[in-house]
Amino acid sequence: MQYAILCYHSESEVFSWTKEQDDAVMSKLMVAQERMAKAGRLGPVARLMPTTAATTLRKDQDPPLVIDGPFAETKEQLLGFYVVDCKTLDEALDFARDLARVNPGGAYEIRPISFFQPGTAHA
Amino acid sequence: MTDLAWINTTLTSARPQAVAALLRYFRDLDTAEEAFQESCLRALKTWPQNGPPRDPAAWLIMVGRNSAIDAVRHRSKQEALPADDVVSDLDDAESAIAERLDDAHYRDDILRLLFICCHPDLPVTQQIALALRVVSGLSVKEIARAFLSSESAVEQRITRAKRRVSDAEVPFATPGAPERAQRLAAVAAMIYLLFNEGYSASGGDAHLRAPLCDEAIRLSRLLLRLFPSEPEIMGLTALLLLQHARAPARLDADGAIVLLEDQDRSLWDRKMIAEGLALIDKAVRHKRPGPYQVQAAIAALHSQADQPEATDWSQIDLLYATLERLQPSPIVTLNRAVAVAKVRGPEAALAMIEPLASQLSGYFYFFGVKGGLLMQLGRSEEARVAFDRAIAVANTAAEAAHIRMHLDRLTKDSAAGARATS
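Taken in order, these protein sequences are the chains called Z and V.
Residue 27 is where the first sequence starts when you use the numbering used here, and the numbers rise one by one after that.
Residue 118 is where the second sequence starts when you use the numbering used here, and the numbers rise one by one after that.
Nothing false has been slipped in among the hints.
Rough simulated footprint, nothing fancy, chain V against chain Z, three-plus residues with beta-carbon under 8 Å: (1) 28-41; (2) 76-83; (3) 89-95; (4) 113-120.
When the alpha-carbon atoms are kept at most 27 Å apart in a straight line, the in silico DSS-like pairs for lysine-lysine are as follows: (5) K113(Z) with K85(Z); (6) K404(V) with K85(Z); (7) K45(Z) with K388(V); (8) K101(Z) with K85(Z); (9) K258(V) with K162(V); (10) K388(V) with K113(Z); (11) K54(Z) with K388(V); (12) K258(V) with K45(Z); (13) K459(V) with K529(V); (14) K388(V) with K404(V); (15) K54(Z) with K64(Z); (16) K113(Z) with K404(V).
Bear in mind the hints are in silico, worked out from the structure with no lab data behind them.
No experiment lies behind these values; they were computed from the predicted model shown.
Every residue gets a Cβ at the ideal spot worked out from N, C-alpha and C, and that includes glycine.
For reference, chain Z alone in the conformation it holds in the complex (with noise of 0.2 Å):
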């Protein structure tokens, strides 16, 4: 089986860490994952930009409207995410706006990745 562990934080927090503690919690977490990544069992690994830099593409409704910031409802639960690599925000929106055609109802968040690490996991 195949888990996402999905990580939450106080953001505020997080963000008021020092190069020093950020850098600790970084290389302690690399530790932390090494056997699973010696074991080719590691998929990829990301950590999002703030919300800040976040945009959301409520999608309940036809155009979907593009509003600033996170997706901050509490009515709809996280069912998946995609991975893409844009030039810009408005190609991300763009191809949100594809996926919402052909499945209206509920929201995108649309968040850029600070860091990305593709993973060992075998196929």
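Please build the complex by placing chain V on the supplied structure of chain Z, with the hints as guidance.
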């Protein structure tokens, strides 16, 4: 890294929210700060054993509020009862949690707290000192170190600022839209000044002042979280990130300034640049350009050039032209002239800055640019005069040292010229 260091980070990150909420309850900055201080002391006692609470800000607000109310009640036993408005809100503690969920309320609390610090009556240095003390929670000692000033001077600056602020009586009612926009602009300007206070530092003191830049970025992100759809706040945050990304390359080992052209671009912080670019992307969608966005766009063009030669100077020239329209100032024109020199040559740039001479007669950078342009045109004697003037008005030793380097080069060149002709 001790647990205490982490608890301190948690307290610092919760501080703006907590002090802002406590200020709304008590309507007095000193009481709010004391209440927060008290709740921090309790946190340091109980968190190491029990672990931090799920919502540290809410915990600190509740504990701070209760302890301050206790203190007022305690005093009231000895003194006459306080007027009702001294303790403006005596609801049960649970309501603190309910209010926590009300983002709009929170937002105006924090904005009010920030706005109080940049009251127009306060001189800039007092604004920044007050914000660092009250919002960021830096100690007087830390602020004094960053300002290269004595602790007693900083203490006095903050006390004076607080007195003026309490005299000025910032209204506690929920602000209307125009008022909110006005507060937002004032706060953005204060954050930008705070950043520049750290950024313009150079020489041996640079590492002492870098925390001011980090703090400005933290406050700017906070502001953007509260006002996620404001393109100028996106622009401001992007601008700070893009400029700060270059910090590791801005000074050499001796603390001397390294010009943009000569910087080791591999030292630039790519993560900060990426975040800055992402924010500009967001801002542009609003099609409401403003000074911060334009300056961020200029910084973005620099950050996207792998080598100085790859810089898109004609685009930078156009952006400065836009900035001149949005926010006319001789300094903007001076900056534009640097781009113009690259696009249309030093002669055109010199013609552009000549009319600024009287307005910028005390400005180091003006004479630096002028000297540089004259040097490019081979007018060595005039260049020397301009550089001498630059040294005379330099603010820091590093600025002066940088200009001396140019002068040395001029002297060497003319000596070499003399040798060649003799």
